[in-house]
Amino acid sequence: LPPDHFKSTAATCHGPRAPRAPPAAMIALRTLLVASLGVAVALAFRFTGPARHARTTPSMKVDHAPLPYADDALEPYVSANTFSYHHGKHYKKYVVTTNAAIEGTEMEDWDEVAILKAVYGKDQGLFNNAAQSFNHKFFWSSMKPGGGGKPTGKLAEMIDSSFGSYDEFRKEFATAANTAFGSGWAWLSYDGSKLVVTKTIGADCPLTTEGLTPLITLDVWEHAYYLDVQNMRATHVDNFLDHLANWDFAASNLEAAMA
Amino acid sequence: PRVGAAAASRGMASFTLPDLAYDYGALEPIISAEIMELHHSKHHRTYVTNMNSLHEQIEEAAAKGDASKLISLQPAYKFNAGGHLNHSIFFGGLCPPSEYEPPSGELAALIEAQFGSLEALQDKVTAATVPVQGSGWGWLGYDKAAGKLAIATCANQDPLEATTGLVPLFGIDVWEHAYYLQYKNVRPDYVKAIWQVANWKDVAARLEAAKSA
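As you go down the protein sequences, you meet chains A and B in turn.
Last residue of the first sequence? That's 268 in my numbering, and every number before it is there in order.
Last residue of the second sequence? That's 218 in my numbering, and every number before it is there in order.
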């Protein structure tokens, strides 16, 4: 992080400060102090489960989390062009709208998981925005360059015991993704004893079902794939399963859920 | 929706993809040729294909009296048949911008009486349609019982009449495939623009049919 990062975001959240030119010794001391502060702040933000990401901009309530990879890292399967809209417009709007809605309420400092659980069944509008904020952040991490294929370790064992084999899991997941009749999501979740595949419509997610912990998700809203593969949702699904699925993320979510 | 003659002669329903009354590029610059081609030849065609396949499965299950199977086929049937119905109305309700004519006669009178002006009607339909969550449709419909125009929205491919009882007059598809390649995430621009290609003659014909039904 640049030396001025924490000072400017914590205090005023305005644009970058005008550059100053203090003596070299002062720069070195300031860098050391801010680095220490940075470490202290990072330690203060704990992970409380798969949905909780450390805040990097303390003044925002729900954060517009950056992609965990460069915007062209998933090409040719998901293009930088798609991310410019999906991450830069759709996801951003959900976050901004959520923050505007919770301002001045008791939920002001809550993260998107807490918000969506609290308003589920009560405030459809806020639920949609908070849940989509969660869903998209979860989705970015559900993909990685060089992903896809078969998982290993505990996750692979549980896939075999829950579905019979990876191939049977793959078929069920693909079917769920391809038959979400409208805008929706396909999920692999842990239900407390085994893994389950579900599909949801709109902003719905497994977090609102008692006992379900999501492990990995695939967005099948058309905006997730239309610029890249147009109507071919099945291609989008295959791309995810064969080339993008981040099984490390799913495995760490499973580990946390079973802990 | 048209039933294929050959299939009908076998006593089986078979639906066909209706042709457009205009070329794929004819609605430009309001809706791009690329979108129209994908929308008609891929999306709509897929609904028709799936609907026909489901019809066979439904007829088979009905012949066997397999209620459980029939019920399990319902979501897919509603989705695909709804998709076919909706898109047939949608494409017929559009015309090239050069052929655009505002409503006249009885339709115009009804619009004036209920909304004050065409613009007011369009604004109301737009305002209802833009915020549809995810995939769905905005509709101008006709309430036969009340003898009035009505505005409604439906989710996914739920067909207007079966869902609400309103007779569909003009539909606006707000599934992202209907506009995304051209308008990207800016759905409001698409919905506001589509009025420039509204085929009010088709709307009037549907209203006429609804009144005499």
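Hints listed in this document are in silico derivations from the structure and should not be mistaken for laboratory results.
For glycine and all other residues, C-beta sits at the position ideal for the given N, C-alpha and C.
Please note: incorrect hints may appear among the correct ones.
To be verified - The calculated DSS-like cross-link candidates involving lysine-lysine, where the alpha carbons are at most 27 Å apart (straight line), are:
hint, chain 1, residue 1, chain 2, residue 2
1, A, K98, B, K83
2, B, K129, A, K180
3, A, K98, A, K180
4, B, K129, A, K208
5, A, K153, B, K216
6, A, K208, B, K216
7, A, K208, B, K83
8, A, K180, B, K216
9, A, K102, B, K129
10, A, K180, A, K126
11, B, K74, B, K129
To be verified - Computed footprint of chain A on chain B, listed as stretches where at least three residues anywhere in the stretch have a Cβ under 8 Å from a Cβ of chain A:
hint, segment
12, 91-98
13, 143-154
Do the hints match the structure? See the list:
Simply put, K98 (chain A) and K83 (chain B) have alpha-carbon atoms about 32 Å apart, too far for the 27 Å limit, and the pair is violated. Under the criterion of a C-alpha separation no larger than 27 Å, the hint pairing K129 (chain B) with K180 (chain A) is inconsistent with the structure, at around 44 Å. Of the pairs offered as hints, the one joining K98 (chain A) and K180 (chain A) is violated, with about 32 Å between alpha carbons and a cut-off of 27 Å exceeded. For the given pair, K129 (chain B) sits about 33 Å from K208 (chain A) by alpha-carbon distance, which is inconsistent with the 27 Å threshold.
Taken as a hint, the K153 (chain A) and K216 (chain B) pair is broken in the structure, with Cα atoms around 57 Å apart against an allowance of 27 Å. For the suggested pair K208 (chain A) and K216 (chain B), the alpha carbons sit about 41 Å apart, so the restraint of at most 27 Å is broken. For the hint pairing K208 (chain A) with K83 (chain B), the CA-to-CA distance comes to about 18 Å; that is within 27 Å, so the pair holds. A threshold of 27 Å between alpha carbons decides the hint, and for K180 (chain A) with K216 (chain B) the separation of about 49 Å lies outside it, so the pair is violated.
At most 27 Å may separate the alpha-carbon atoms for a hinted pair to count; K102 (chain A) and K129 (chain B) meet this at roughly 24 Å. Restraint check: the Cα-Cα separation between K180 (chain A) and K126 (chain A) comes to about 30 Å, which exceeds 27 Å; the hinted pair is violated. Proximity of K74 (chain B) to K129 (chain B) is assessed by CA-CA distance (about 42 Å); at most 27 Å being required, the pair is judged violated. Under the rule that three or more residues need a Cβ within less than 8 Å of chain A, the assignment of the segment 91-98 of chain B is violated, with 0 such residues.
Only when three residues or more bring their CB closer than 8 Å to a CB of chain A does the claim for the segment 143-154 of chain B stand; here the count is 0, and the claim is violated.
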